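Peer 1: As a plain string of letters, each chain reads:
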Amino acid sequence: MSTEGKTAEQPPRSAILRPGETIGSVTDQISSIVLTRGTPRGWYLALAFSFSLLMLLLLSVTVLFARGIGIWGVNQPVGWGFAIVNFVWWVGIGHAGTLISAILLLLRQEWRTSINRFAEAMTLFAVACAGLFPLLHVGRPWLIYYFFPFPATTGMWPQFRSPLMWDAVAVGTYATVSLMFWYVGLIPDLATLRDRAKHTITRAIYGTLAMGWRGSAIHWERYHQAYVLLAALATPLVISVHTIVSFDFAVSIIPGWHTTVFPPYFVAGAIYSGFAMVLTLSIPLRAIYGLQNLITAKHLDNMAKVMLLSGLIVAYGYLMEHFVAWYGGHDAELFMLLNRMFGPYRMSYWALIACNVAIPQLLWFRRVRANVPLLFVLSIIVNIGMWLERYVIVITSLHRDALPSSWGNYTATFWDWSTYLGTIGLFLTLLFLFVRVLPVISISEMRELVEEHADEPAAKSEGSQT
Amino acid sequence: MPQIFHPSMNTISRLSIFGFVFILILIGFIGWALARSPYQTGQGVVRPQPIPFSHEHHVGDLGIDCRFCHDTVETHASAGMPSTEVCLNCHSVLFRDSPILAQVHESQRNGTPIMWTRVHDLADYVYFHHGVHINAGIGCTSCHGKIDEMPLAYRAETLHMEWCLDCHRNPEQHVRPRDAVFDPHWVNTEAKEIDPELLLKAHDLQSRTQCSYCHR
Numbered sequence: 001m002s003t004e005g006k007t008a009e010q011p012p013r014s015a016i017l018r019p020g021e022t023i024g025s026v027t028d029q030i031s032s033i034v035l036t037r038g039t040p041r042g043w044y045l046a047l048a049f050s051f052s053l054l055m056l057l058l059l060s061v062t063v064l065f066a067r068g069i070g071i072w073g074v075n076q077p078v079g080w081g082f083a084i085v086n087f088v089w090w091v092g093i094g095h096a097g098t099l100i101s102a103i104l105l106l107l108r109q110e111w112r113t114s115i116n117r118f119a120e121a122m123t124l125f126a127v128a129c130a131g132l133f134p135l136l137h138v139g140r141p142w143l144i145y146y147f148f149p150f151p152a153t154t155g156m157w158p159q160f161r162s163p164l165m166w167d168a169v170a171v172g173t174y175a176t177v178s179l180m181f182w183y184v185g186l187i188p189d190l191a192t193l194r195d196r197a198k199h200t201i202t203r204a205i206y207g208t209l210a211m212g213w214r215g216s217a218i219h220w221e222r223y224h225q226a227y228v229l230l231a232a233l234a235t236p237l238v239i240s241v242h243t244i245v246s247f248d249f250a251v252s253i254i255p256g257w258h259t260t261v262f263p264p265y266f267v268a269g270a271i272y273s274g275f276a277m278v279l280t281l282s283i284p285l286r287a288i289y290g291l292q293n294l295i296t297a298k299h300l301d302n303m304a305k306v307m308l309l310s311g312l313i314v315a316y317g318y319l320m321e322h323f324v325a326w327y328g329g330h331d332a333e334l335f336m337l338l339n340r341m342f343g344p345y346r347m348s349y350w351a352l353i354a355c356n357v358a359i360p361q362l363l364w365f366r367r368v369r370a371n372v373p374l375l376f377v378l379s380i381i382v383n384i385g386m387w388l389e390r391y392v393i394v395i396t397s398l399h400r401d402a403l404p405s406s407w408g409n410y411t412a413t414f415w416d417w418s419t420y421l422g423t424i425g426l427f428l429t430l431l432f433l434f435v436r437v438l439p440v441i442s443i444s445e446m447r448e449l450v451e452e453h454a455d456e457p458a459a460k461s462e463g464s465q466t
Numbered sequence: 001m002p003q004i005f006h007p008s009m010n011t012i013s014r015l016s017i018f019g020f021v022f023i024l025i026l027i028g029f030i031g032w033a034l035a036r037s038p039y040q041t042g043q044g045v046v047r048p049q050p051i052p053f054s055h056e057h058h059v060g061d062l063g064i065d066c067r068f069c070h071d072t073v074e075t076h077a078s079a080g081m082p083s084t085e086v087c088l089n090c091h092s093v094l095f096r097d098s099p100i101l102a103q104v105h106e107s108q109r110n111g112t113p114i115m116w117t118r119v120h121d122l123a124d125y126v127y128f129h130h131g132v133h134i135n136a137g138i139g140c141t142s143c144h145g146k147i148d149e150m151p152l153a154y155r156a157e158t159l160h161m162e163w164c165l166d167c168h169r170n171p172e173q174h175v176r177p178r179d180a181v182f183d184p185h186w187v188n189t190e191a192k193e194i195d196p197e198l199l200l201k202a203h204d205l206q207s208r209t210q211c212s213y214c215h216r
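If you read the sequences in order, they're chains A and B.
In this text, residue positions in the first sequence follow the working numbering: the first is 1, and each later residue adds one.
In this text, residue positions in the second sequence follow the working numbering: the first is 1, and each later residue adds one.
No lab work stands behind these hints: they were computed from the structure.
As the structure is a prediction and not an experimental result, all values here were calculated from the model.
Just to be clear, a hint being listed does not mean it is correct.
As the list claims (entries may be wrong) - The following label-pair restraints were derived from C-beta to C-beta distances: (1) B/V86 <-> A/T413: 58 to 66 Å; (2) A/V228 <-> B/G19: 22 to 30 Å; (3) A/T36 <-> B/N10: 25 to 33 Å; (4) B/S8 <-> A/R67: 46 to 54 Å; (5) B/R14 <-> A/L433: 49 to 57 Å; (6) B/N10 <-> A/M180: 52 to 60 Å.
Ideal Cβ placement from N, Cα and C applies to all residues, glycine included.
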């Protein structure tokens with residue numbers, strides 16, 4: 001690998017930081033994206049594109065509220081369509097943020113430092129998109145508060161034995177903790193921006209958000225305590241949220257859903273899609289803003305490895321699902337399996353296997369992991385594959401049950417697609433606004449990293465510098 | 001470089017952090033209290049009626065039985081409102097020329113019923129049957145309050161579902177012997193030595209909380 005590393009305009013493959021970076025250079029580089037570089041024309045174009053998709057969402061939701069969920073493809077026997085597919089997909093994408101920020105922080109994996117900020121932001125925006133779908137799918141969004149336990153005048157509580165109720169609590173907790181984690185991490189950086197900003201109003205805004213941060217020793221000590229505490233709080237959520245999302249399926253007795261392997265393989269799938277999305281976002285981001293010295297080839301390599309590992313767990317989940325369906329010897333399970341593989345939705349099924357199991361095996365090769373454009377394409381393939389997985393699980397289990405007279409097919413309508421694309425617009429709009437007004441990489445943590453690596457001999461890797 | 005914020009911001013920011021918590025709690029409490037207040041439920045609020053009919057006088061002073069006017073209460077879902085003729089059973093003679101009763105006479109002449117304002121109006125998605133409750137030994141005053149002390153009628157209770165369920169979950173607190181149902185003064189005291197359990201058994205009464213009993 002060393003020969004390639006020398007020719008490329010990048011730090012050596014093992015480095016998580018380009019040698020020669022100082023505290024000042026890191027701070028300058030990251031804060032300049034927000035403060036001094038101005039707004040690039042490309043950003044306006046990208047925001048305009050995302051915002052028009054967001055307007056499509058507004059239109060879709062307006063039509064939905066005016067006419068009801070009959071505008072979607074859902075009907076008997078497939079009562080769960082795109083709304084649930086998209087909900088699970090978005091929640092899954094949100095998992096990388098907490099995994100990177102909480103678990104990798106506690107495990108002292110310092111390569112997380114330059115990707116945790118926007119992975120957390122991505123988590124928040126993905127959860128916001130996910131949260132829309134239950135709201136839209138209930139059909140009477142003004143009664144959404146029925147989901148939550150509160151002392152109502154009805155003297156009734158939600159059904160605490162229902163996984164849908166657990167879902168509301170799990171996703172709500174997840175969103176709250178992720179938001180707090182993200183914001184606490186931002187405070188020192190907001191103070192940096194406050195100190196560097198020139199305009200009075202800009203300084204007042206960052207100053208208010210920085211909550212009077214002065215960077216004193218006491219501030220730092222409390223900050224670290226709060227950060228580690230929140231990390232410990234967020235860690236179980238990585239496992240719990242998608243476990244509970246999988247219970248929405250696994251607790252029912254529908255063939256193909258009623259499986260004990262669902263929780264672990266949903267969690268693995270969530271991490272799989274989350275890392276795929278982080279790659280999808282970080283590869284263009286580092287190229288556009290020239291952050292290759294901070295988000296290095298080593299980061300992409302590590303993320304690709306996590307993707308490969310979680311992808312293999314997902315593949316094992318598929319294998320067990322199929323094995324148990326055969327080994328269990330239950331007619332309905334076996335029929336569901338064959339229907340999934342060779343029925344009307346076989347194309348989706350085989351596309352899912354190709355995207356999630358077959359193609360990602362390329363990640364075994366170091367050459368593939370080092371090829372940034374190819375990695376970008378692979379990450380998008382995995383995103384598509386994980387969406388197809390939820391589509392296949394939701395649709396094929398419902399559309400043919402044990403009573404052939406009630407069989408039916410599901411086809412997504414225009415409004416299904418427009419709502420889905422609209423949430424992608426919401427996600428991207430929030431992301432572009434975030435990139436413009438907040439530091440995409442944690443300045444304070446990068447400075448710590450520079451400080452920790454200051455003693456290391458830089459001579460070893462000097463040859464590869466440009 | 002000048003300071004961005006005035007020193008007073010220290011106090012304001014601290015207050016706003018603590019205040020945020022209290023404001024959230026306060027908003028929750030206001031919502032909770034408002035939903036149960038007479039403003040929302042109409043509990044204890046007198047409704048204007050076309051004729052100032054006094055239950056206090058007719059029930060409390062004169063002792064007229066509930067069923068004299070509300071004559072379908074034992075058999076029908078609706079307790080029934082008295083026709084003009086029921087009023088005139090007495091008032092064709094008593095206080096005949098009182099200006100208060102002018103509308104009753106006019107109603108008889110025109111053949112148009114008196115438009116009383118409904119005091120106890122349940123939501124349309126609730127099925128309620130008076131006869132079932134009467135025959136299960138639930139007294140009128142359990143829901144309608146001390147009607148014999150009301151000069152003008154008002155809701156004694158909130159009519160919230162939690163109030164319905166309070167009795168549906170524990171009916172023994174309101175069950176009576178069948179012949180005491182219309183007694184506005186009846187209270188199950190120790191002296192009467194009536195075991196609520198026996199009353200429940202006598203009426204074959206159980207806790208009924210399935211959704212479809214009321215929401216059909």
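Peer 1: Would you list, in rising numerical order, the hints stated earlier that this structure does not obey?
Peer 2: Hint check: 5, 6 fail, others pass.
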